[in-house]
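Going down the list, the sequences are from chains A and B. Its first residue numbered 1, the first sequence is counted upward by one per residue in the numbering used here. Its first residue numbered 1001, the second sequence is counted upward by one per residue in the numbering used here.
Calculated pairs, SDA-like style, for lysine to any residue (alpha carbon to alpha carbon, straight line, at most 20 Å):
| # | chain 1 | residue 1 | chain 2 | residue 2 |
| --- | --- | --- | --- | --- |
| 1 | A | 3 | B | 1058 |
| 2 | B | 1013 | B | 1077 |
| 3 | A | 3 | A | 21 |
| 4 | A | 3 | B | 1059 |
| 5 | A | 98 | B | 1052 |
| 6 | A | 98 | B | 1073 |
| 7 | A | 98 | B | 1095 |
| 8 | A | 3 | A | 51 |
| 9 | A | 3 | A | 100 |
| 10 | A | 98 | B | 1055 |
| 11 | A | 3 | B | 1041 |
Just a sample of chain B residues kept apart from chain A, beta carbon distances all over 12 Å, derived:
| # | residue |
| --- | --- |
| 12 | 1019 |
| 13 | 1028 |
| 14 | 1079 |
| 15 | 1114 |
Covered stretches of chain A, as calculated for chain B (at least 3 residues, CB under 8 Å):
| # | region |
| --- | --- |
| 16 | 40-49 |
| 17 | 98-111 |
None of these hints come from the bench; they were simulated from the model. Don't be surprised by glycine CBs; every beta carbon is placed ideally from N, CA and C.
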Amino acid sequence: DAKTTQPNSMESNEEEPVHLPCNHSTISGTDYIHWYRQLPSQGPEYVIHGLTSNVNNRMASLAIAEDRKSSTLILHRATLRDAAVYYCILRLGTSYGKLTFGQGTILTVHP
Amino acid sequence: ETGVTQSPTHLIKTRGQQVTLRCSSQSGHNTVSWYQQALGQGPQFIFQYYREEENGRGNFPPRFSGLQFPNYSSELNVNALELDDSALYLCASSLGGAQSYEQYFGPGTRLTVT
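Please take these sequences and the hints and turn them into a complete structure.
Here's what the structure looks like:
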């Protein structure tokens, strides 16, 4: 599986935007970029995914670099509820459902 | 719509024993994946079941086995428990096997092996 690199931790203030980076320099053409987050004492939660184009949904936006070697998850207005571990995952488009989680980024949101 | 549920919530077992963990998938989902999450680590893929057949496995020994039932619920069985098996076990359901993009996770079962 292609590997992703994320900062160990980031901090933000409530109601400010948060940009969570992810590097994936060995990404292949058929790898989708997925983001999941895990709130304390809960299972992971799907956030967003994309292949080449930027994506938006009700939770977040995903900005994908033109060469696809990096991406950024954008939370437009952080809330205390967004404090979680955020995982950037590459998943082969035609593979079965295996998700390969790394260490993720611990996001702390200050009131 | 009912989400993914897992039972039991917590479990304490002794080394060498066997354990069965259960998962009910989200309504309409035919694919179940199991993950092991050690403290402070990301989840590690154990295996996946699609329409009652195992169709993918991670780097776990054969003493980790599973079943998927006709109603798509699933069991994870672990034989000859070791201390390192202490972890949070997560079940995730999805739709459509290889074409599923979103996996919906349950809250997990916390297994402690003493």
